[in-house]
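Protein chains: 2
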Amino acid sequence: MPPLTRDVVRFGSFVVTSQVFHITPLSFALVNLKPLLPGHVLVSPRRIVPRFNDLSAAEVQDLFLTTQRVSRTIERVFNATALNIAIQDGVDAGQSVPHVHTHIIPRKTDDLEDRGGTDAIYPMLESEDGNLGKQLGEREREKEKEKAEAEDQRAHFPRVDVDERLPRSEEEMQKEAQWLAEEMAKDEKDGRFS
Amino acid sequence: MPPLTRDVVRFGSFVVTSQVFHITPLSFALVNLKPLLPGHVLVSPRRIVPRFNDLSAAEVQDLFLTTQRVSRTIERVFNATALNIAIQDGVDAGQSVPHVHTHIIPRKTDDLEDRGGTDAIYPMLESEDGNLGKQLGEREREKEKEKAEAEDQRAHFPRVDVDERLPRSEEEMQKEAQWLAEEMAKDEKDGRFS
Numbered sequence: 007m008p009p010l011t012r013d014v015v016r017f018g019s020f021v022v023t024s025q026v027f028h029i030t031p032l033s034f035a036l037v038n039l040k041p042l043l044p045g046h047v048l049v050s051p052r053r054i055v056p057r058f059n060d061l062s063a064a065e066v067q068d069l070f071l072t073t074q075r076v077s078r079t080i081e082r083v084f085n086a087t088a089l090n091i092a093i094q095d096g097v098d099a100g101q102s103v104p105h106v107h108t109h110i111i112p113r114k115t116d117d118l119e120d121r122g123g124t125d126a127i128y129p130m131l132e133s134e135d136g137n138l139g140k141q142l143g144e145r146e147r148e149k150e151k152e153k154a155e156a157e158d159q160r161a162h163f164p165r166v167d168v169d170e171r172l173p174r175s176e177e178e179m180q181k182e183a184q185w186l187a188e189e190m191a192k193d194e195k196d197g198r199f200s
Numbered sequence: 007m008p009p010l011t012r013d014v015v016r017f018g019s020f021v022v023t024s025q026v027f028h029i030t031p032l033s034f035a036l037v038n039l040k041p042l043l044p045g046h047v048l049v050s051p052r053r054i055v056p057r058f059n060d061l062s063a064a065e066v067q068d069l070f071l072t073t074q075r076v077s078r079t080i081e082r083v084f085n086a087t088a089l090n091i092a093i094q095d096g097v098d099a100g101q102s103v104p105h106v107h108t109h110i111i112p113r114k115t116d117d118l119e120d121r122g123g124t125d126a127i128y129p130m131l132e133s134e135d136g137n138l139g140k141q142l143g144e145r146e147r148e149k150e151k152e153k154a155e156a157e158d159q160r161a162h163f164p165r166v167d168v169d170e171r172l173p174r175s176e177e178e179m180q181k182e183a184q185w186l187a188e189e190m191a192k193d194e195k196d197g198r199f200s
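Going down the list, the protein sequences come from chains A and B.
Just add 6 to the spot in the first sequence (first one is 1) and you have the numbering used here.
Just add 6 to the spot in the second sequence (first one is 1) and you have the numbering used here.
If you are wondering where the hints come from, they were derived from the structure by calculation, not from laboratory data.
Worth double-checking, as some hints may not be accurate.
Repeated chains share a single entry, so a pair holds when one copy, or any two copies, can fit it.
Unchecked claim - As a list, the in silico SDA-like pairs of lysine to any residue whose alpha-carbon atoms are at most 25 Å apart: (1) K140 / D98; (2) K114 / V55; (3) K195 / L39; (4) K114 / R57; (5) K40 / P104; (6) K192 / R147; (7) K114 / M130.
Modelling step: build the complete structure from the supplied sequences, incorporating the hints.
This is the structure in structure tokens:
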């Protein structure tokens, strides 16, 4: 399954092409390595800048029109009733990847009842689970390790085994990205964006 | 001191005209009754709609260009190094006033060190302090009570005493709104918005 775009899409210093499910000339939306809740996605400007105020007027407009379109589809397909939309704008506000990104987190009644109630999403956003930089860094290190192991084994095992060793999470993310791209297209076709 | 605008500005069912420090054809920015941190302000569309997805494209664009302009001035005048920018979009995401609003909260290194660290802003946002609807409702009830008391005393005391009884918080908010309006104008004049 090819990724949605032929462009190499970067989120900060990380290549996230296979996670992208929507792309415009100025923005892109990506699924998360470790969503805080099902359907937790990110929307970023394509230009890598750390702060909201670094964005041009055109980038601001496109980022939030994209956020609105994405949030509509996410709310529908995850049967949500509400959304948390949040930017951690700068390190002292909890930003972990120096590339502007809007979190979209679909919410339902009492979805976090067993974890402390509606408010529990915020400590989660700030906790290790929300530390995108750390997670993506770990994934890069895991990929390097697996690549080294795969290269080591290539001499001894047929190719299929190497393929089976590809990180499953990457495939899962790409499947989700493909599904969301199709659902976005449906909403566009149905005129839900107009 | 007259408010910034002659229009009556409503935030949900509440009249907040004296709290407004910036206004555009489609959006307005207001100071808070109880800011979570100094400089915590809100930006809303002028049209009263509950959900982000209720906004037209023009409203989305104006709301976030306004949010960007306001955040620039707020970060500068409150000597902040970062910002939390957040929308609680729907009741199940913690929304307390059914009128779209973006929280802008200026942040500094270790500003919440004594309250649990950077992350502490989120439980605060969700706590009673962040319950704008409750606070504004309480203020309306206080105003009604004070008005009734003032009318009762008008027969016995000179007018000046009635004026002194006006809620101080309202004056404080209006002063802050006036100051921020002036600071916004400075940034506009200096071309910081271009």
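Hint by hint, here is what the structure shows:
1. K140 / D98: For K140 and D98, only the intra-copy Cα distance (16 Å) is at most 25 Å; the inter-copy one is 29 Å.
2. K114 / V55: between (32 Å within a copy, 20 Å between copies)
3. K195 / L39: neither (29 Å within a copy, 44 Å between copies)
4. K114 / R57: Answer is between; shortest inter-copy Cα gap is 15 Å, intra-copy 30 Å.
5. K40 / P104: Cα proximity of K40 and P104: one copy only (18 Å, versus 31 Å across).
6. K192 / R147: Intra 37 Å, inter 48 Å, cutoff 25 Å: neither.
7. K114 / M130: both (16 Å within a copy, 21 Å between copies)
The structure fails to meet hints 3, 6 from the earlier list, while all remaining hints are met.
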